[in-house]
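Engineer: Chain by chain, the residues run as shown.
2 protein chains.
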Amino acid sequence: MYEAIDRFVAKYIALTEEELAFFHSLLKHRKLKKKSFLLQEGEICDFEAFVLKGCIRSYYIDKDGVETILLFAVEDWWVSDLTSFAEQKPSHLFIETIEDCELLSIDFKNKSLLFQKIPAFERMFRLLVQRALGVLQQRFYASVSQTAEERYLQFMEKYPLIAQRVPQHQIARYIGVSPEFLSKVRSTMYKKH
Amino acid sequence: MYEAIDRFVAKYIALTEEELAFFHSLLKHRKLKKKSFLLQEGEICDFEAFVLKGCIRSYYIDKDGVETILLFAVEDWWVSDLTSFAEQKPSHLFIETIEDCELLSIDFKNKSLLFQKIPAFERMFRLLVQRALGVLQQRFYASVSQTAEERYLQFMEKYPLIAQRVPQHQIARYIGVSPEFLSKVRSTMYKKH
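For the protein sequence lines, the chains are A and B, in the order given.
Under the numbering used here, the first residue of the first sequence carries the number 40, and numbering increases by one thereafter.
Under the numbering used here, the first residue of the second sequence carries the number 40, and numbering increases by one thereafter.
Bear in mind the hints are in silico, worked out from the structure with no lab data behind them.
Heads up, some of the hints might be wrong.
The list makes no distinction among identical chains, and a pair is therefore deemed to hold if it is satisfied within one copy or across any two copies.
Stated by the list, open to error - Think about it this way: if two alpha-carbon atoms lie no more than 20 Å apart in a straight line, the pair counts; the simulated EDC-like pairs of lysine to aspartate or glutamate are:
1) Lys197 <-> Glu126
2) Lys102 <-> Glu189
3) Lys92 <-> Asp115
4) Lys102 <-> Glu188
5) Lys70 <-> Glu138
6) Lys50 <-> Glu126
7) Lys72 <-> Glu126
8) Lys70 <-> Asp45
9) Lys156 <-> Asp45
10) Lys67 <-> Glu114
11) Lys156 <-> Glu56
12) Lys74 <-> Glu141
13) Lys72 <-> Glu219
So here's chain A without its partners, still in its complex pose:
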């Protein structure tokens, strides 16, 4: 059960067997059916979850009921609302499984305990947050500087495996257009190429 997460951790920090065992003792193993909510708007996010199996999306719903997808998470990704988690305040996000999922999650209390006992984890989580910031900054940049077609092509190129696993209408909501608009973009693209 811990092979994938141990491989992940080993990319960032070196731990003793004992430290690793302590880390495992703080994790909770969870299985979730497709279309289950891990988090809904207004709740405080009390997990950071490592995906062992499956696909998850986190998204906002605006006041017109339109969804904007912030992130797709698949195997070896972490998913959370870090701000809600860190500050223990209500989230604006929904986090929902797209497929049947298996996760290892850590809650706020245990993450604090982890940092207390094994400060090396500060480094791993710093690098993780840094990567998340990079992804979001790239998205922010794309949203102000690229056309829908460019954002679509970039998504397909960057995440080819995710693209095969999520429906087109969700890809539309990730790149920030309506599903109808994405259909038009795709048909224009295919005519061009």
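Given chain A, work out where chain B should sit, using these hints.
Structural biologist: Showing chain B alone in chain A's frame:
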């Protein structure tokens, strides 16, 4: 020269005098005139800078020449393009002073050295990146879910001191509208209240 940054660091981690002196030895003190560039698109960002005095903005310019402001940084804030810095790859950002500025900056080599010698800094920088992620996530949320008026009011409420220091047309470029549009929003608001 180090009072402000020492106060800042002390909020996150406890250091010995010796560690603090080592940290200081890695910093570079810089004075910059108003409207100086710290970074231009295409360059690799080789600094994280702590603002001792002054006001700085980081922004994108899209292919139509329109500016979108990512961040205003004033005293006690850090400014950088963290992704470009961490991965040592070209930036999409411009970082430019709005006022005469005084900074303390650390470069990539010295930051690596810092983590090597004083791992406690991992914690401080993790919390910093986490805050930056929170700010950007909030902006992303606002850009998809709030009207320009809501974003303007939120900016004025959240950053009253910055609002006094930067011109209205830059606030417009922060909340993602044209200066003309912001003028209309403001005059409608004043009529309403």
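Engineer: Evaluate each hint against the coordinates.
Structural biologist: Right, here's what the structure says about each hint:
In the homo-oligomer, the alpha carbons of Lys197 and Glu126 lie at most 20 Å apart only across protomers (17 Å), although the nearest pairing inside one protomer, at 31 Å, exceeds that limit. Within a single copy, Lys102 and Glu189 get their C-alpha atoms only as close as 27 Å, which misses the 20 Å cut-off; across copies the closest is 13 Å, which meets it. Taking the closest pair of Cα atoms, Lys92 and Asp115 come within 20 Å of each other only inside a single copy of the chain (8 Å); across copies the shortest separation is 42 Å, beyond that limit. Proximity of Lys102 and Glu188 under a CA criterion of 20 Å is satisfied inter-copy only: 15 Å between copies versus 26 Å inside one chain copy.
For the homomeric pair Lys70 and Glu138, the shortest alpha-carbon distance inside one copy (11 Å) is at most 20 Å, but the shortest distance between copies (54 Å) is not. For the homomeric pair Lys50 and Glu126, the shortest alpha-carbon distance between copies (16 Å) is at most 20 Å, but the shortest distance inside one copy (27 Å) is not. Taking identical chains as interchangeable, the C-alpha atoms of Lys72 and Glu126 are never at most 20 Å apart, the minima being 28 Å within one chain and 37 Å between chains. Proximity of Lys70 and Asp45 under a CA criterion of 20 Å is satisfied intra-copy only: 19 Å inside one chain copy versus 46 Å between copies.
With identical chains, the CA atoms of Lys156 and Asp45 are at most 20 Å apart within one copy only, with a shortest distance of 18 Å there and 26 Å across copies. In this homomeric assembly, Lys67 and Glu114 come within 20 Å of each other (Cα to Cα) only inside a single copy, at 16 Å, whereas the closest approach across copies is 42 Å. Taking the shortest alpha-carbon separations for Lys156 and Glu56, only the intra-copy value of 14 Å comes in at or below 20 Å, while the best inter-copy value is 24 Å. Only within a single protomer do Lys74 and Glu141 lie at most 20 Å apart by alpha-carbon distance; the minimum there is 13 Å, versus 52 Å between protomers.
Within a single copy, Lys72 and Glu219 get their C-alpha atoms no closer than 29 Å, and across copies no closer than 50 Å, so neither meets the 20 Å cut-off.
Checked against the numbered hints above, the structure violates hints 7, 13; every other hint is satisfied.
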